[in-house]
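*Asks:* Below, each chain spelled out in residue letters.
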Amino acid sequence: MKYRILFFTFCICALGLISFQFKSEPTIIEFNVPKKWPKPIYSFQNNPLTEEGFQLGRKLFYDPILSRDSTISCASCHLQYTGFTHVDHNVSHGIEGRKGTRNSPVLINLAWNSTFHWDGGVNHLEVQGINPIQHPAEMDDKLENVLKKLNASSVYPDLFKKAFGSDKITSSTLMKALTLFTVSLVSSDSKYDKVMRKEKGVQFSEQEKNGLKIFRNNCAVCHKEPLFTSTTFASNGLKMDSLLKDVGRYAITHNPTDSMLFKIPTLRNVEFTFPYMHDGRYKKLKDVINYYSDGIDPSVSYLSKPLKPFHFNDTEKKDLLSFLLTLTDKAFLYNPRYSFPK
Amino acid sequence: MIRKSSLIVSFLMVLFLGFGQTTSLKITFQPRISNETIELNKVYALNDSVQLEITTCRFYVSNFSFFSKGKLLSQQKSAFLLDLEHPTSLDLSFPSMDFDGIQFNLGVDSSTNVAGILDGDLDPIKGMYWTWNSGYINFKLEGSITNNTGKKIPFEYHLGGYLSPYPTIQTISVETEQAENIVIQLDLQHFISAIDVNSCSNVMIPGAKAVELSKLLSNCFKI
Chain G
1 MKYRILFFTF CICALGLISF QFKSEPTIIE FNVPKKWPKP IYSFQNNPLT
51 EEGFQLGRKL FYDPILSRDS TISCASCHLQ YTGFTHVDHN VSHGIEGRKG
101 TRNSPVLINL AWNSTFHWDG GVNHLEVQGI NPIQHPAEMD DKLENVLKKL
151 NASSVYPDLF KKAFGSDKIT SSTLMKALTL FTVSLVSSDS KYDKVMRKEK
201 GVQFSEQEKN GLKIFRNNCA VCHKEPLFTS TTFASNGLKM DSLLKDVGRY
251 AITHNPTDSM LFKIPTLRNV EFTFPYMHDG RYKKLKDVIN YYSDGIDPSV
301 SYLSKPLKPF HFNDTEKKDL LSFLLTLTDK AFLYNPRYSF PK
Chain S
1 MIRKSSLIVS FLMVLFLGFG QTTSLKITFQ PRISNETIEL NKVYALNDSV
51 QLEITTCRFY VSNFSFFSKG KLLSQQKSAF LLDLEHPTSL DLSFPSMDFD
101 GIQFNLGVDS STNVAGILDG DLDPIKGMYW TWNSGYINFK LEGSITNNTG
151 KKIPFEYHLG GYLSPYPTIQ TISVETEQAE NIVIQLDLQH FISAIDVNSC
201 SNVMIPGAKA VELSKLLSNC FKI
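In order, the protein sequence lines correspond to chains G and S.
Number 53 in my numbering belongs to position 53 of the first sequence; there are no gaps in the numbering.
Number 43 in my numbering belongs to position 43 of the second sequence; there are no gaps in the numbering.
Don't read these hints as lab results, they were simulated from the structure.
One should not assume that every hint holds.
Claimed, not checked - Per the computed footprint, the stretches of chain S lying under chain G, defined by three or more beta-carbons under 8 Å from a beta-carbon of chain G, are:
| id | region |
| --- | --- |
| 1 | 108–116 |
| 2 | 132–142 |
Said to hold, decoys possible - Derived, one-sided and incomplete: chain S residues facing chain G with beta-carbon distance under 8 Å:
| id | residue |
| --- | --- |
| 3 | L84 |
| 4 | P87 |
| 5 | D119 |
| 6 | D121 |
| 7 | P124 |
| 8 | L163 |
Claimed, not checked - Cut-off 30 Å, straight-line C-alpha distance, at most; resulting in silico cross-link-like pairs (DSS-like, lysine-lysine):
| id | chain 1 | residue 1 | chain 2 | residue 2 |
| --- | --- | --- | --- | --- |
| 9 | S | K215 | G | K168 |
| 10 | G | K330 | G | K36 |
| 11 | G | K200 | G | K36 |
| 12 | S | K126 | G | K168 |
| 13 | G | K39 | S | K77 |
| 14 | G | K148 | S | K140 |
| 15 | S | K215 | S | K71 |
| 16 | G | K284 | G | K305 |
| 17 | G | K168 | S | K77 |
| 18 | S | K26 | S | K71 |
| 19 | G | K142 | S | K140 |
| 20 | S | K126 | G | K161 |
| 21 | S | K126 | G | K59 |
| 22 | G | K142 | S | K209 |
| 23 | S | K209 | G | K245 |
| 24 | S | K126 | G | K99 |
| 25 | G | K224 | G | K209 |
| 26 | G | K148 | G | K161 |
Glycine residues also receive a C-beta, built at the ideal position from the N, C-alpha and C atoms.
Looking at chain G on its own, in the form it has when it is part of the complex (with noise of 0.2 Å):
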C-alpha cells in the first residue's frame, strides 16, 4: 500500500516535471544600445525582446501572408541590402504595381524614434505595421482578414504560443511580433562608429576627416550623432511635387507652421538607400549634395530656420561625400540575422 502511494506521487511529480518543460518560456535576449548612445525611445516594458518573438516577427516581416493577395511581404518595400528601403524607386509600389506617394523609409534604429512616416502620423512602433497591411497601394488587406489567414495556418498558432503563450494570434501579438524585429534592426558598426570607439587600425583618410567637419558644421543640427536624424521635422525648401500635393506634417496637425514639414531621415547606410527624399527625387547623393549646396531657395517661406545654400566648393562636396560613404555598415546590411529566414 505504501510503496503504491509513493509510486503514484512519483508518477504525478514526473509528469508535472514533463508539462512544465513543455511550457517553457520564451528566452528572454538583451536589447544591446551601442556604448555612448541615448536611452531607446521603445521600453520592451509591456513587449520583452525574446528570441521566438524575434523570430516570429522576422517570418512575419518575410511572409506575403500580410498582404490581400499574398503577393508582397514587408521585404517588397524594405530590402536588407538598401537599408530595409525601397531601392530604384521614387516612391514605391505595392500590390497590383499600385504607387504610392513617398519614398519608403529606411528601418534603421527605430528604437531611438517616438514617430513613424514622413509626417510622423504615427506615433508608436507598435501601431506602425497596421499601415501598410491596410494601405490599397500597399498590401491592401484588412487587419481582421489578416489575423484569420494567421489563425487558419498551419504554422503560425504554434510560434505564436512559443513566443506569447497563446496560439490564438490577436492584433496584439502580431504587431509586437512584428515590432521586435524591426526594434531589433540596429546600424552601429560603419567605419563611422569604429573610428568614434577608436578601433585598432581604423581610420579616417584626410579626405573623409576633411568631409566629418563639413558635416558637423552644416548638417548635424538636423542628422545629429549617433543617429544622424535629431527625429524631429524640418523643411529643407523642396517646392511640392505638382502631382502628389504632399504637404508633409500639416496633413497630421493641421498646423500651418508645420506645413511642408517631413521628418529628417538618418543617413546611416545612406550610400545604399537612394532615391532620397521624401518623394524620392533625387537619384544619386551627388545630387542631394548639389541641391543643399546652391539649390536651396532661401526665399521659400516654409524654408527651416538654420538652412541655407551651403555653397561648397567641388573639393568640399567630394569630402562630405566620401564621409557620408564612412555611414555604410556592411555588418548591418548583411546580417544574417535579419535576412530572409530559412
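Chain G is already provided as a structure; the job is to place chain S on it using the hints.
*Replies:* Positioned in the frame of chain G, the structure of chain S alone reads:
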C-alpha cells in the same frame, strides 16, 4: 476532520459569492431621440419636416470616478467601447458604493492614445482607430437626415484626436440621488439639431471641427 475543512471551504465560498453579488453597480448608457431609446436603422421624426436615421453609434467612455459630497471615493482607469449594434455593451458594471456624483471621459485619454497596440475594447480591429494619424476615434455617429423636400443627406461624424491644440476628449460629470442602476442618457436629438448637417456632413479627421462637435456632445449627457 474532513467535515471541518469542507465546512470552512463552503463558508469561504458563500462569503466570496456573497461579496460578488453585492459589489455590482450597473450603469447603462442610453442614446436617445425624442425620449426614445435609439434603434439603429429606424426613422425618427425630429420635427414636422426633418427625419433622422442612425446607422452607426459607437463611442468610448473611460476613467470613471465616483464622488460623495465632492470627495473622491474610487477611480477606475479603463476604457469601454459602447456600440448600439451590441446593446449589452451599453451596460457597465462597477463595485457598488455610496456615491452622489460620477465623472467620466467621453473618449480615450492621451496616455492610452500613445500606448502602442492594445487589446479588448481598444483593439484597432474595433474600427475606432486611425492608423495613418495614430489615435482613437472617440465617437462615431453615422446616418442620414431627410428634409421635407425628400432630400436625403448622409452624415458621418468620426470625432477624435488627442494632440494639442485639438484634443477632443471631454470630461462629463453627472449627479445622482440613487447609487444603483444608473441610467445615463445621451440626447442625440439635441446634438443633431445643433448641427447644420447640410453644410457639415462629414468630420473624419482631428481638428477644430472635431473639437467643436465633441464639446457639443458633452452637453448631451444627463441622468
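*Asks:* Now tell me if each hint is right for this structure.
*Replies:* Verification of the supplied hints:
1. 108–116: As far as the region 108–116 of chain S goes, the hint holds, because 4 residues have Cβ atoms under 8 Å from chain G.
2. 132–142: holds (count 4)
3. L84: violated (20 Å)
4. P87: Constraint on S:P87 not satisfied, violated at 22 Å.
5. D119: Hint on S:D119: holds, closest Cβ of chain G at ~5 Å, below 8 Å.
6. D121: violated (12 Å)
7. P124: With a closest approach of 6 Å, the S:P124 hint holds.
8. L163: For S:L163, the interface hint holds, since the closest Cβ of chain G sits about 7 Å away, which is under 8 Å.
9. S:K215 x G:K168: violated (40 Å)
10. G:K330 x G:K36: With a Cα-Cα distance of about 21 Å, the restraint between G:K330 and G:K36 holds, given a limit of 30 Å.
11. G:K200 x G:K36: Between G:K200 and G:K36 the Cα gap is close to 18 Å, so the pair holds against 30 Å.
12. S:K126 x G:K168: holds (17 Å)
13. G:K39 x S:K77: It holds: about 29 Å lies between the C-alpha atoms, which stays within 30 Å.
14. G:K148 x S:K140: Roughly 25 Å between the alpha carbons, so the hint for G:K148 and S:K140 holds.
15. S:K215 x S:K71: Measuring from Cα to Cα gives roughly 26 Å; hence the hint holds.
16. G:K284 x G:K305: holds (26 Å)
17. G:K168 x S:K77: holds (26 Å)
18. S:K26 x S:K71: Status holds; Cα separation ~21 Å.
19. G:K142 x S:K140: Holds, at roughly 20 Å.
20. S:K126 x G:K161: holds (24 Å)
21. S:K126 x G:K59: Holds, at roughly 26 Å.
22. G:K142 x S:K209: Status holds; Cα separation ~28 Å.
23. S:K209 x G:K245: holds (23 Å)
24. S:K126 x G:K99: Holds. S:K126 to G:K99 sits at ~28 Å (cutoff 30 Å).
25. G:K224 x G:K209: Distance of about 17 Å is within 30 Å: holds.
26. G:K148 x G:K161: holds (16 Å)
Violated hints, in rising order: 3, 4, 6, 9; the structure is consistent with all others.
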